Amino acid sequence: MTSPETSPETTTELPVGADAGLRITDSTLRDGSHAMAHQFTEGQVRAVVSALDTAGVQVIEVAHGDGLGGSSFNYGFSRVSEIDLIKAAVDEATQARIAVLLLPGLGTVHDLKQAHGAGAQVARIATHCTEADIAAQHFAAARDLGMETVGFLMLSHRLDPAGLAAQARTMVDSGAQCVYVVDSAGAMVLTDAQQRIQAVIDEIGTEAQVGFHGHQNLSLGVANSVLAYQAGARQIDGALCALGAGAGNSPTEVLAATFEKMGIDTGVDTSRVLAAAQDVVKPFIPRLPWMDRSSITQGYAGVYSSFLLHAERASERYGVPAHAILERVGEAGYVGGQEDMIIDIALQLAEEKDMGDLAGAGVR
Amino acid sequence: MTTTSPVPVAIVGPGNIGTDLMFKMIRRSEVLKPRYMVGVDPKSDGLARAARMGLASSAEGVDWLLAQDEKPAIVFEATSAKAHAANAPKYAAAGIVAVDLTPAAIGPYVCPPVNLEFNKSADNVNMITCGGQATVPIVSAVSSVVDVDYAEIVASIASRSAGPGTRANIDEFTETTSEAIEKVGGAKQGKAIIILNPVEPPMMMRDTVFCSVPPEAAEAGDVQDRVTAAIHEMVARVQEYVPGYHLRADPQFDTARDVWHGNGRVSVFLEVRGRGDYLPDYAGNLDIITAAAVRVGELIAESRFGAVSEGAIA
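If you read the protein sequences in the order shown, they are chains A and B.
What the first sequence shows, in my numbering, is residues 1 to 364, in sequence order.
What the second sequence shows, in my numbering, is residues 1001 to 1314, in sequence order.
Hints may be right or wrong, so weigh each one.
[Said to hold, decoys possible] Here are the computed distance ranges between Cβ atoms for each label pair:
1) A:A140 <-> B:A1236: 35 to 45 Å
2) A:T191 <-> B:D1147: 30 to 40 Å
3) A:P286 <-> B:K1120: 56 to 66 Å
4) A:V189 <-> B:P1164: 47 to 57 Å
Simulated from the structure, these hints should not be mistaken for lab results.
Small disclaimer: the values here were computed from a predicted structure and weren't measured.
No residue lacks a Cβ here, since even glycine has one placed at the ideal position from N, Cα and C.
Okay, chain A solo, but in the shape it has when bound (with noise of 0.2 Å):
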């Protein structure tokens, strides 16, 4: 295992190309804020970035599940704002580099200005796979603050891989120096995965790198990974025990392990980031993030995976099962950000109900 060798002080400048090593992101503290209902103490966000940050994970991301200015109704409050976890990680990382989301329509360059107040050096601009242009004018604010910039092609199963391609472009002309194909819906099967990273590549060449972030809900997040990485992906997202939306994002500490095996170089000390997810993080997850009938739903139905939790509230509000609120989701083409729908859906399951209209309300 070699040290890491990017410091904190290296501005944006980037490898780029397939000769680059793997780098990867460690989400535990942003997309685990989901499967935590945003509940992350300050204790709790110190004791992860030590540990990763000892465990030579290069980049390690912290906001809201839903990124900056998540905390809210509609997504859940943050018990412990945001600005202040990202100064605690800012804190206690010593190689690492903080990195935070943001969903333009959600978040705003106000609230990136803060979190680079605060110390955070990596932007991750996330915008719907079909709208990578409403994220012009953040994408140009990172660049202008000197952090480096991420690109998020969010629900990318959604769009083929010429149309994500070209929505990958329009990011990479907007400022951004990498670009992720996310399967926020865990909903791709292998072949999915790549051949959306293939047409990314093909598209965007050396002018910026390819990543991508996998859910389990299908399982397949690891398996996407490493087809990924062999497609020419050069930063992959994972987090400690899976924290993360729906069944959890691929393992942090098994896509080590999975990658030294193969002999590819991240720069992650496998054996102590096994240790970082056993002892720092295991202990502390209230339910561990699992393939049960509502999220493998999720993966199936192509839902956005941080609508698990809010159904699940829903359901037990208006007495209709979650997984028929998550199938009708996945019927209706709703995006991410739209959770507030969970809610009209499950009055509309709730009527049903009432009507007697038993299998409207999903009961099969």
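Once you have looked at the hints, place chain B on chain A.
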């Protein structure tokens, strides 16, 4: 006031909003006569369409408009916040009243069912945003009954109904809408979220309004009944000029929680079906702001230019 001919107006910005505005005035307004359509791109479909409808159209920008012998009394700006900021002083110098449909927020915010008593002598009024026109009335209805410490809105619109101006200025949307939730809606703190959804066939505009309410309003009883009644009454008022504006379900109340600073919550789910004046009916986000702008323009025409209307647009 005697009957006079309709007031000549200009539309600057021949995109989705500008074109919808033009059709609304032609079809539904006795008071406003769209005379000019102004853009900057000679290849613009909107300019060609306006020319076919009999408007004097030019791609030579606002300077062309201001060089015309017959100046418009009112200009409706549907460009971008940045463009309006540059144009506003020119309109003011030429004595033209501006109804601003961008999030530039130079003039006071106007939302017809909430503050039609706006200052009609202002040279510039701002129509907030489509999401603001759809949701600020509901925040105002709730805050007319109880204190609203925090209000949050989520506007979901069809990707096809969001033109390049909206896309390039999405922060201005959230910031202007948030501010209007406070200044016009009466919430102490506002937050706005906009989501674009590309699903086909396109989804109808949807808006969700969450307001914090005192614990007693979150429990069944008189206060809650008054909040619900105020919301229904407000929906009826908006329907006077946007008939496709309606509740998806009764307002939903959630009881007080610690994470909500001890407050309860009311959630209001809205759908806005457009009239299909330009884009099809999914684009309620166009109607909600253009119908409001036409209404405001008519009031200005009546109060300042002596125009007489048989009634509001219907």
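Does the structure break any of the earlier hints, and which numbers would those be? Structure breaks hints 2 and 4.
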